[in-house]
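Given the coordinates of chain V, work out where chain L should sit on it, guided by the hints.
One letter stands for each residue in the lines below.
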Amino acid sequence: MARASSEGGSLRPVAMLGNPNVGKTTLFNALCGLRQKAANFPGTTQEAHVGAADGLRLVDLPGAYTLGGSSSESEVCRSVIEGRLAPLGMDPAEPETLLVVADATNLLRNLVFVGEVLALGRPTAVAVNLIDMAKRRGVHVDRERLEERLGCPVVLCNARGGECVGEVRAAVSRARVASVLPPAEIGARERWAEEVYADVASARGEANHDSLTDRLDRAFTHPVLGVIWFIAVMTGLFWVIFRLAAYPMDWIDAVFTHLGGLVESAMPAGVLRDLLANGVIAGVGATVVFVPQIFLLFLLISLLEGTGYLARAAFVVDRLLRPFGLSGHAFVPLLSSHACALPGIMAARAVPDRRDRLATILAAPFMSCTARIPVYVLLTTLLFPESPAMQAVAFTSCYVIGVVAGLLSALVARRTILRGRSRPMALELPSYRVPDVRTALMTAWDRGLVFLRKAGTLILGFSVVLWWLGSYPLVDPPAEAVALRTQGELNADEGEVAALLEEADRLEASHAAEHSFLGQIGSFVQPVFAPLGYDRQLTVGVLASFAAREVFVSTMAVQVVGRDDTGDEGVFEALASAERDNGRPIFDRATSWSLLVYYVLAMQCIPTLVVTAREAGGAKWAFLQLAWMSGLAYVCAMVVYQVMR
Amino acid sequence: MRTAVPPAKPHACPRVVPLTQLPRGCCGVVAESAFDADDAEQLRCMGLRPSAEIRVCRMGEPCIVALRDGCGLGCRIGLSRKLAERLMVATAG
Numbered sequence: 001m002a003r004a005s006s007e008g009g010s011l012r013p014v015a016m017l018g019n020p021n022v023g024k025t026t027l028f029n030a031l032c033g034l035r036q037k038a039a040n041f042p043g044t045t046q047e048a049h050v051g052a053a054d055g056l057r058l059v060d061l062p063g064a065y066t067l068g069g070s071s072s073e074s075e076v077c078r079s080v081i082e083g084r085l086a087p088l089g090m091d092p093a094e095p096e097t098l099l100v101v102a103d104a105t106n107l108l109r110n111l112v113f114v115g116e117v118l119a120l121g122r123p124t125a126v127a128v129n130l131i132d133m134a135k136r137r138g139v140h141v142d143r144e145r146l147e148e149r150l151g152c153p154v155v156l157c158n159a160r161g162g163e164c165v166g167e168v169r170a171a172v173s174r175a176r177v178a179s180v181l182p183p184a185e186i187g188a189r190e191r192w193a194e195e196v197y198a199d200v201a202s203a204r205g206e207a208n209h210d211s212l213t214d215r216l217d218r219a220f221t222h223p224v225l226g227v228i229w230f231i232a233v234m235t236g237l238f239w240v241i242f243r244l245a246a247y248p249m250d251w252i253d254a255v256f257t258h259l260g261g262l263v264e265s266a267m268p269a270g271v272l273r274d275l276l277a278n279g280v281i282a283g284v285g286a287t288v289v290f291v292p293q294i295f296l297l298f299l300l301i302s303l304l305e306g307t308g309y310l311a312r313a314a315f316v317v318d319r320l321l322r323p324f325g326l327s328g329h330a331f332v333p334l335l336s337s338h339a340c341a342l343p344g345i346m347a348a349r350a351v352p353d354r355r356d357r358l359a360t361i362l363a364a365p366f367m368s369c370t371a372r373i374p375v376y377v378l379l380t381t382l383l384f385p386e387s388p389a390m391q392a393v394a395f396t397s398c399y400v401i402g403v404v405a406g407l408l409s410a411l412v413a414r415r416t417i418l419r420g421r422s423r424p425m426a427l428e429l430p431s432y433r434v435p436d437v438r439t440a441l442m443t444a445w446d447r448g449l450v451f452l453r454k455a456g457t458l459i460l461g462f463s464v465v466l467w468w469l470g471s472y473p474l475v476d477p478p479a480e481a482v483a484l485r486t487q488g489e490l491n492a493d494e495g496e497v498a499a500l501l502e503e504a505d506r507l508e509a510s511h512a513a514e515h516s517f518l519g520q521i522g523s524f525v526q527p528v529f530a531p532l533g534y535d536r537q538l539t540v541g542v543l544a545s546f547a548a549r550e551v552f553v554s555t556m557a558v559q560v561v562g563r564d565d566t567g568d569e570g571v572f573e574a575l576a577s578a579e580r581d582n583g584r585p586i587f588d589r590a591t592s593w594s595l596l597v598y599y600v601l602a603m604q605c606i607p608t609l610v611v612t613a614r615e616a617g618g619a620k621w622a623f624l625q626l627a628w629m630s631g632l633a634y635v636c637a638m639v640v641y642q643v644m645r
Numbered sequence: 001m002r003t004a005v006p007p008a009k010p011h012a013c014p015r016v017v018p019l020t021q022l023p024r025g026c027c028g029v030v031a032e033s034a035f036d037a038d039d040a041e042q043l044r045c046m047g048l049r050p051s052a053e054i055r056v057c058r059m060g061e062p063c064i065v066a067l068r069d070g071c072g073l074g075c076r077i078g079l080s081r082k083l084a085e086r087l088m089v090a091t092a093g
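Sequences listed follow chains V and L, in order.
Take the first sequence: its letter number 477 is residue 477 in the working numbering, and every next letter is one higher.
Take the second sequence: its letter number 63 is residue 63 in the working numbering, and every next letter is one higher.
No wet-lab data here; the hints were simulated from the structure.
Be aware that a few hints might be false.
Pair by pair, the computed Cβ-Cβ distance ranges are [what the hints assert, rightly or not]: (1) V/Arg589 with L/Asp36: 48 to 58 Å; (2) L/Glu32 with V/Asp54: 41 to 51 Å; (3) V/Val224 with L/Ala92: 32 to 42 Å; (4) V/Val393 with L/Gly25: 45 to 55 Å.
With the C-beta cut set under 8 Å, the calculated list includes, among others, these residues of chain V facing chain L [unchecked claim]: (5) Leu108; (6) Thr221; (7) Pro424; (8) Leu427; (9) Leu429.
The beta carbon of each residue, even a glycine, is placed where N, CA and C say it ideally should be.
Excised from the complex, chain V in its bound form (with noise of 0.2 Å):
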């Protein structure tokens, strides 16, 4: 939208409004290609795509099915159109052009919209998408008449096939006001789109009742079968996200990791080498590596969505979360947020209910996140050294753990602050079709770039300033290592010196480390966390992934042993055999079942609690989400630190 912002004022600003699943997006993909951008309008939880193309900039609105309902797609629909809200990065200003897409295969209601649109006596344009599929289903829309009867351009199109695009740009030149406007009354209006309809439509022969259709509903939506259906397909979607993502996640490892040896090698010791080396790229890496999962998850769910499964995959969870005060509507984001609580608390968008929507979201990053995977793979090996399988249920139970949290955090909010009735599930079931990729592509891109611009400005904001916390004040090395490295040099064996070097540097960094403005936190709170079991070592790990969980397991590193490569064996046995100030070992069985609890249910992450209040409407729902998850993760730690100790 680069040409958007800077040619705006020459651009000639159209609005295209539709009901859900009308392929106005794909229409809106074959108009402008990559020339958009994804922004939000402010003050909603409501997104549109802006994109130029030829002369136009389209602002592709979110699905509404009227514009005078109570809704919020309703709302910022008619916001837009009357000039009193725009996407961030754009000035409020009436579109001087409605493009309305209708569904061939579902246009009397359709055009019970599009006659709402035109009776706002504005200069307007109909796309009637999907009329390859009307065609296919025996039913001819004659496009003179329909355009005689409404007054204003008509264009009939495939949005998916691309080649109606030229077409499209000049019925939207041509647009113009309804010369009689339908009645803005809502059952004159019906009345009037069922006259339309009668007087434009055709059947060639007999309708049949798509008994495919009703089979596949009815094995999709079945109290057992449905959910049979409803594990494969999700076993699927995350078998390919970990399997398939895991190679690019790799190389993206190998690429910062790289960089930063780069950096290391080429830049002079000092202050600037290690800001950039341990603060920027340790940094920002260890984050832009989750972005594989995040594009093949938002690719995979916008597939799915395109069959027409996930809207009879909702009715299938609702009836499992219902009792937990949750709608089926809540399933894509508590599914998303099994990659990262970020895109998953941006999809709780889609859930209509507010109290649902503010349910969804305080429950969502209970799910097991990939950033809680290494803190779960580095405690199930100090828990199970010996033992593979007992690794596996233990790392699963985290999981479950998890989902139990969230489901019943959800329910002691419906309970309490969300009090309220339900509102019941009606959700349009779109036909069966081979989804568009394309338009799955660009969704999971535009996924992709939020949590990469993310990365690039907050995450890498607290890097910076958690590698200073974490690496000031500097401080003369100690005593013993001095002595070490004064062995080492008067040694002759190779071998020895090597073990001497290592012992002194591990002594410096740990040493550095206490007495670094983290460590000195560490030791001021380290009381706080005691009833968990917790030393100073283990209370700066746990402050430094205040804002990043996987923080946790590199800074331990850091401390015990002296470097952060925790792909070492070697260092998760110093971590196993690591000991406290007082000799115990730091990772005894009741601490690190203790860790373990408290890494499943707590709030560490501040990239979420910032998402939060954008997305729940204020910071007291953040609070409120970091609150109750600190809480319910110390109380239950502790319980579970001193009935094991």
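Quick look at chain L alone, frame taken from chain V:
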């Protein structure tokens, strides 16, 4: 121009009943509803307006109905049982 396709032969059904009392495959016309304002507005805009023709595709939770226009096209809407119980349908039976 021919616009109307004869509706499929309905099963033997009562005259005006809640949607939940119709068997699968039964056709009818939306008669009235006892929804609150938000639900009524949402369902009406989705196409479940008075006099809309429907066919029951699945009964239970969810209840799935196909909305049919004069040419036999339309859409499918899934409804929770709570909503289906309050949607009254007139049938030819």
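We went through each hint and held it up to the structure:
For the pair V/Arg589 and L/Asp36, the supplied restraint of 48 to 58 Å holds, since their beta-carbon distance comes to about 55 Å. Between L/Glu32 and V/Asp54, the C-beta spacing of about 49 Å keeps the proposed range 41 to 51 Å intact. Between V/Val224 and L/Ala92, the C-beta spacing of about 34 Å keeps the proposed range 32 to 42 Å intact. Checking the proposed 45 to 55 Å range against V/Val393 and L/Gly25 shows it holds: the Cβ atoms sit about 48 Å from each other.
Taking 8 Å as the C-beta contact cut-off toward chain L, the hint placing V/Leu108 at the interface holds, the least distance being around 4 Å. Hint on V/Thr221 holds. Least Cβ distance to chain L is approximately 6 Å, under the 8 Å limit. Among the interface hints, the one on V/Pro424 holds; its C-beta lies about 4 Å from the nearest C-beta in chain L, closer than the 8 Å criterion. At about 5 Å, the closest approach between the beta carbon of V/Leu427 and any beta carbon in chain L falls short of 8 Å, and the interface hint on this residue holds.
Given the 8 Å rule on beta carbons, the hint for V/Leu429 holds: about 4 Å separates it from the nearest Cβ of chain L.
Violated hints are absent here; each numbered hint is respected by the structure.
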